[in-house]
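Whenever a hint applies, use it, and build me the whole structure from the sequences.
Chain by chain, the residues run as shown.
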Amino acid sequence: MTQRATSPMILALLITSLGFATLIFAQEAASPPLIYGAYYTGTLFVLYLGVRLLLPHSDVLLLPIVTMLTGIGLVMIFRLTYDIEGAENLATTQAIWILVGSGAMFIIVLLFRNYHRLFDYKYLLALGAVALIASTFTPFGYEVNGARLWVAIGPVNFQPSEFARIALVIFFAGYLAEKRDVMTATSRTVLGIQIPALKYFGPVALVWAASLGLLVFEKDLGSSLLFFAVPLFMLYAATGRIAYVLLGTVLFSVGSLVTYFLFGHVQLRVQSWLDPWEDPDGTGFQILQSIFNIADGGLTGTGLGAGFSQTIPEVETDFIFSAIASELGLLGATAVLLAFLAFVYRGIKISLLAEDEASKLLAFGLTAMFALQTLVIVGGVTKAIPLTGITLPFVSYGGSSVVGSFILTALLLVISEKAGKREAEETLYEDGA
Amino acid sequence: MLELQVPLLAAKALLLLLLFAFIYAVMRRGIGDLRRVPDDEPFEPGRAQDGRGAYAPRGPARNGSELVVEDSEILAPQTRFSIHDGATSIGRSSAADIVLKSDDYASGRHAQLTRHGGLLYVEDLGSTNGTFVNGRKTVGATPLRHGDTVRVGSTTFRYEE
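Protein chains in written order, with the numbering used here: chain G, 1 to 433; chain H, 434 to 594.
It should be emphasised that the hints constitute simulated quantities derived from the structure, not laboratory data. On a predicted model such as this, the values are computed, not experimentally measured, just so you know. Some hints here could point you the wrong way.
[What the hints assert, rightly or not] Mimicking DSBU-like on lysine-lysine, the simulated pairs with C-alpha atoms at most 35 Å apart in a straight line are: (1) H:Lys570 / H:Lys534; (2) G:Lys383 / H:Lys570; (3) G:Lys219 / G:Lys199; (4) H:Lys534 / G:Lys179; (5) G:Lys179 / G:Lys199; (6) G:Lys179 / H:Lys570; (7) G:Lys421 / H:Lys570; (8) G:Lys219 / H:Lys570; (9) G:Lys383 / G:Lys219; (10) G:Lys179 / G:Lys383; (11) G:Lys219 / G:Lys179.
[Stated by the list, open to error] Partial pick of chain H residues on the chain G-facing surface, computed with a CB cut under 7 Å: (12) Pro440; (13) Leu441; (14) Ala444; (15) Lys445; (16) Leu448; (17) Leu449; (18) Leu452; (19) Ala454; (20) Phe455; (21) Ile456; (22) Val459; (23) Gly559; (24) Arg569; (25) Lys570; (26) Val572.
For each residue, glycine too, the CB sits at the ideal point set by N, CA and C.
Below is the structure:
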């Protein structure tokens, strides 16, 4: 585990400062209140020092990556909205969400160092997750752009699925670790494929189907994809049976076909992916603007503030990667993707070093979810796969997404603390022997 | 016009430079462990210590390695099990590669042997009573050396390369 990362941390904060400085001095943007910048820098640095103090063996390298991604996100959100009437304060709102996320991370690091307690409540967590997703169908829920995934309770608006999926990963990790042995031992072979006994597989399938079904009816395609694939990845990681991959592929193909014919909005997405020129001013507009802007960026980008990515609808949330590719170019976009890669690599490493199966599966599930989310949205905005609306973790504007990603990182940190401690003890033992 | 372009260009170049300096700093710390010589690799003066030399499997997987029963309540002593490539499972279940039939101390799928990078690793599969290498309970995958003993349930094996 990497225990010191002060210089990447400072570099990440420098990148953010330089980004804001460029916009304020070169593009003559009105400066956001400087105090927010001070809060942001201070909080993340204190968070970094706090994690090093509280979890001395944890993989603290995750924090500079988080800082760099949220920083780039803040700079881009500010650049995209500072001159738009009614949205001037989006960057400061995002900064507040980052503070809330940091607070959530700090609480988890402080209270859940013994995260194994979470596995004792796995059924409750699964129930809670399904209830959270279902809550959008209550009077508190409301629709945005045709998808019913928001809940407003008093002054707080949030997307429950962002939090539900973390709870579900904890459930799957706890359940699969407990039942892995009986699931493989009691499986029967049907047509050369091993099928586990329904008794043990039942709860997994039930929770999986319930959350997936709800999301499909909410028309939240991106989250549906994550909820579908991540449990399958975890099943495969837990059992090592290729049958699950095959089964998953078949289910995915059938499910995609069914949703394609059932829902008009899925057909629209596929059509605008296959041929955006069919309706360049309507359904294909967003994706066409996205690829125009990416092309406009070229190798080194137009420079901050000089691009035209404000022409993309929803650019500050789903399409923020296009704006980065446009203004920082292929090189800047590559750097951002490399930062995501480093995060995922550390996540897998934590999973490998974790001592018990539940922790391994939890770290793997969280990392797989993070990686898949990045892949789905970056693939979507570059027209490699059909677009499904989902946020780019840490970078996109959105409170629920930012706080959810901070919670995910906090869980990885507490798992890595246990693993790192064991590694340190073993090294000590071997050196002493 | 030119006066305006120069600071913009400088800022742009500096930002990209900083981004990659960051990536370099993260990668240097984050993936350094990919190049570290594993602890079990003995240091031999004169042998190439570069990443390739240390990690290359020594020829094709040796087929000669075996587990030999030393002491058991259920198997005859000196019974030999050859370890094939891929994963070899040990357990009470009849689906295991090495079956410990009716051993009350062994779990259905008790332990697993896997060959990785020229070393054979034994890993406990969450058994009730644990897997022991040289009398010490294993945690995670443990590499085996020639002559190590592995105890699963009531059976003690000796590993021979």
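Legend entry - Closest C-beta approach of Ala444 of chain H to chain G relative to 7 Å, hint status: Constraint on Ala444 of chain H satisfied, holds at 4 Å.
Legend entry - Evaluation of the interface hint that places Phe455 of chain H against chain G, nearest CB under 7 Å: OK, holds: Phe455 of chain H within 7 Å of chain G, min 4 Å.
Inset, instruction - Double-check Val572 of chain H for me: the hint is only fine if its C-beta lies closer than 7 Å to a C-beta in chain G. - result: Since the shortest Cβ distance to chain G is 6 Å, the answer is holds.
Legend entry - chain G contact restraint for Ala454 of chain H - C-beta distance below 7 Å: holds (6 Å)
Legend entry - Hint check: 7 Å Cβ-Cβ cutoff, Leu448 of chain H to chain G: holds (5 Å)
Legend entry - Agreement of hint Lys570 of chain H with chain G interface, Cβ distance less than 7 Å: violated (12 Å)
Inset, instruction - Starting from Lys570 of chain H, check that the Cα of Lys534 of chain H is at most 35 Å away, please. - result: Judged against 35 Å, a Cα distance of about 22 Å means the pair holds.
Legend entry - Restraint satisfaction for Arg569 of chain H [CB to CB of chain G, less than 7 Å]: Check failed: Cβ of Arg569 of chain H comes no nearer than 10 Å to chain G, outside 7 Å.
Legend entry - Residue hint Gly559 of chain H, partner chain G, criterion CB-CB below 7 Å: holds (6 Å)
Legend entry - Given hint Lys570 of chain H paired with Lys219 of chain G - CA-CA distance at most 35 Å: Roughly 50 Å between the alpha carbons, so the hint for Lys219 of chain G and Lys570 of chain H is violated.
Legend entry - Evaluation of the interface hint that places Pro440 of chain H against chain G, nearest CB under 7 Å: Since chain G brings a Cβ to about 6 Å from Pro440 of chain H, closer than 7 Å, the hint holds.
Inset, instruction - Would you check the hint for Lys219 of chain G and Lys179 of chain G, treating anything up to 35 Å between C-alpha atoms as holding? - result: holds (32 Å)
Of the numbered hints listed earlier, those contradicted by the structure are 2, 8, 10, 24 and 25.
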